[in-house]
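A.B. asks: Note that our numbering has the sequence shown beginning at 472, numbered continuously upward.
Simulated from the structure, these hints should not be mistaken for laboratory data. We put the CB at the ideal spot given by N, CA and C, even for glycine. Keep in mind that a hint or two might mislead.
[Stated by the list, open to error] Calculated lysine-lysine pairs in the DSBU-like style (CA-CA distance at most 30 Å, straight line): (1) K731 <-> K744; (2) K858 <-> K848; (3) K758 <-> K637; (4) K937 <-> K996; (5) K758 <-> K711; (6) K858 <-> K839.
[Claimed, not checked] Pair ranges (Cβ atoms, derived): (7) A806 <-> D573: 32 to 38 Å; (8) S600 <-> A806: 57 to 63 Å; (9) E838 <-> L910: 48 to 54 Å; (10) I958 <-> F916: 16 to 22 Å.
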Amino acid sequence: MEQRPFMDRNQLIGFALIGAILLGTSFWASTVEPSQPKNTAGSEEVKSASTPAAEAELDYALPAGDSSSPDQEFTLENDQVRYVISNKGAQIKSVELKEYKDWQGKPLMLVDGNQVLDGPSSAVPFAASSEGRSLSLSDNLGTVWTYELPAEGYGLGWSMSTLSKKDVVLTWRQAGIRHEKSQMNEATNTSIYYLENADMERGSLSDGSDDEESRENLGWVAHRQQYFSSILQAESGFVKADMQTRTPSDTLHSRLFESKLRMASVDGKVSAKGIWYHGPNQYQTLKDFNLNFDQVIPFGWGIFGWIGKYVVSPMFNWLDGYGLNYGIIILLMAALIKLALSPLTFKSYKSMAKMRVLKPEIDELNEKFKDAEPAKKQQETMALYQKAGVNPLGGCIPQLLSLPILIAMFRFFPISIELRQQGFLWADDLSSYDSILSLPFEIPFYGAHVSLFTLLMAISTFLYTKFNNTMTPTSGNSMMQQQMMIIQYLMPFMLLVWFNNYSSGLSYYYFISNVLTFGQQWVIKEFFLNETAIRAKIDETKAKGGSQSRFAKKMSEMLEVQKEAGNRKARRGK
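Assemble the whole structure, with the sequences as input and the hints as a guide.
C.D. replies: Structure follows, in C-alpha cells:
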C-alpha cells in the first residue's frame, strides 16, 4: 500500500507502476471534498451519496426507545479506553480512546452517538447491574447482554443470549467519524474488512469507494478507518454477513458502514460471545489478541505485503525502540535500505559504465547503419555487445529487483499509526501532508497548500534524472527514446501533484533516498569504478572472441528470425 532512487531509464518501469497507482487513487479519491468541517453539536443524520436508489436516509443514531422509562448510562474504563453504555437496548453510546487526539487536538471519539446495533430489544430499556468494569443488562423477554472491560488495554468482552427459534440478525451501523487532517487520505484508507473462517484469510470491500458484499461463515467484521478500527468478533462466528459502505455527504465523517450479521439459533436460543475491539490499528496490539485482528492492516499483496510486514515494519520497530525522533528513524531506514541494496546498485552502475565506454562504437554503428533496416542495425549492435561481453539490460534488471521494496515502503507510510501526529522540522504530522504555504484557492488534484517535502522530492528527482541522463549513453535518437526522455522529465512534475496531499513522511523518505543516491553514485564512481580498467577488460574480451550471455543469445536468435522474415517478405514482393 508500500524508497526511491528516482527516475533514470532503468527505473522507469517501476515508477510508471507507482505512478499508475497514485493517478488512480487521485482520480477516484478526488470526489471526497477536503474542505474544513463545520462545528456541529451532537450527532446528525447522514445520507448516502452513492446512487439515486440509495438516497434514503440511514439512521446511524441511537434508538429512541421508550421516553417514559429512565435513561441510565454506565461507564467502563481503564487507562486506554472509556465506554459509555446505555441501558436502552444495551447500546454502546460512546467510545473514547484516551491515549489519542483527533487532528484538531480534541479527545478521539471512535463512537459518539454515531453507532447503533439493531437486534433483540435494541430500543427496550434493560435492567442493569454493574460491578467494577463489568456490566450486565437484561429485559423481561429473555434477552441478556454483558460487557466486561480488561484492567488494561483494548478489547471489550461481550456476550448476548436471547430466546428465538429463528436466526437473529444484528444490524451494525456506524458513521466513521473523521479523525485526520486529510479527509481524502482517511476516506481512501477506510472500508469494511472481514475474516473468513474457512481459510482464516482476510477479505475486504473496496477501500475508499461505495461497495457491498455478502459472505458466509465469518469470524469477525471490522469497520476499519485509516488508523483506528471497530472490530466485532464472535467465537461461534457469523453464519452470514451482508456488508456495505457508502460515501457521506458531509466532511464530518470518512465513510458510512452497515453490516448485517446473522447468528444461528440452536434449540430455540441464540447465544454468542466474543471481543468488540475499539482501538488503534497498531500491529502488535492487534496481533496480541491471536484472533487475526492484525490482518486489518493492509501491508499490500504478494511479495510487497511480505516485505512490508516482515522487513520494513520490524526495521521500523527496531529503530523506534531507541526512542529516536521519527524523522531520524526514516532517515536511518533509507540509509539501511540503500546499504542493503548496494550490491545491486554497484552492479547497475558497473553495467552503465560499460555502456558509456562503448558509446563511441555505438554511435559509429548508428551512423554506419542509419539508412539500414532497423533489424540490421539492432543485429549489429547486439553483435557489438556480444563481442564486448556487455548486457545492455545489466543496469536495468538490478533496479527492477529493488521495486518490491519501493512499493512496500509506499504502502507502509499511510498505515503506520506510529507516525500519526509526530512532528519533524516544519512538518507537524508525518502521517499527513506538510504545508509551508496555504493558497487562497484550490488547484484540482493538487490542493490548497504547498508541501515542502514534496517540493524537495520533486526537485531532487528532476536533478537526479538530469544527472543520470548525462551519465547514461543512448544507442540512438529513436522516437521511443525521445518519448522516454519526455516521460522522465515529466515524472517529477507529476509526482509534485500526486504527493502534495500524501504523507509528508513518505515524501521525506523519497527525498532522503534521492540525496543518498547522489552520494552513493559519487562514492562508486570515485572509488570503485575505473573506466580505463573497464575499457581494457572489454578489449580483452573482444580479443578472446567475446562472451554471449543468455539474454544476448536470445536476442540474437530473435533478430535472426526477424531478419529472415523480412527477407521472405522482400522476395514475395519481387
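A.B. asks: All the hints need checking, so say for each whether the structure fits it.
C.D. replies: Against the structure, the hints:
| no. | hint | verdict |
| --- | --- | --- |
| 1 | K731 <-> K744 | 17 Å, holds |
| 2 | K858 <-> K848 | 15 Å, holds |
| 3 | K758 <-> K637 | 35 Å, violated |
| 4 | K937 <-> K996 | 17 Å, holds |
| 5 | K758 <-> K711 | 25 Å, holds |
| 6 | K858 <-> K839 | 18 Å, holds |
| 7 | A806 <-> D573: 32 to 38 Å | 34 Å, holds |
| 8 | S600 <-> A806: 57 to 63 Å | 59 Å, holds |
| 9 | E838 <-> L910: 48 to 54 Å | 51 Å, holds |
| 10 | I958 <-> F916: 16 to 22 Å | 18 Å, holds |
In the structure shown, a violation is registered for the earlier hint numbered 3 alone.
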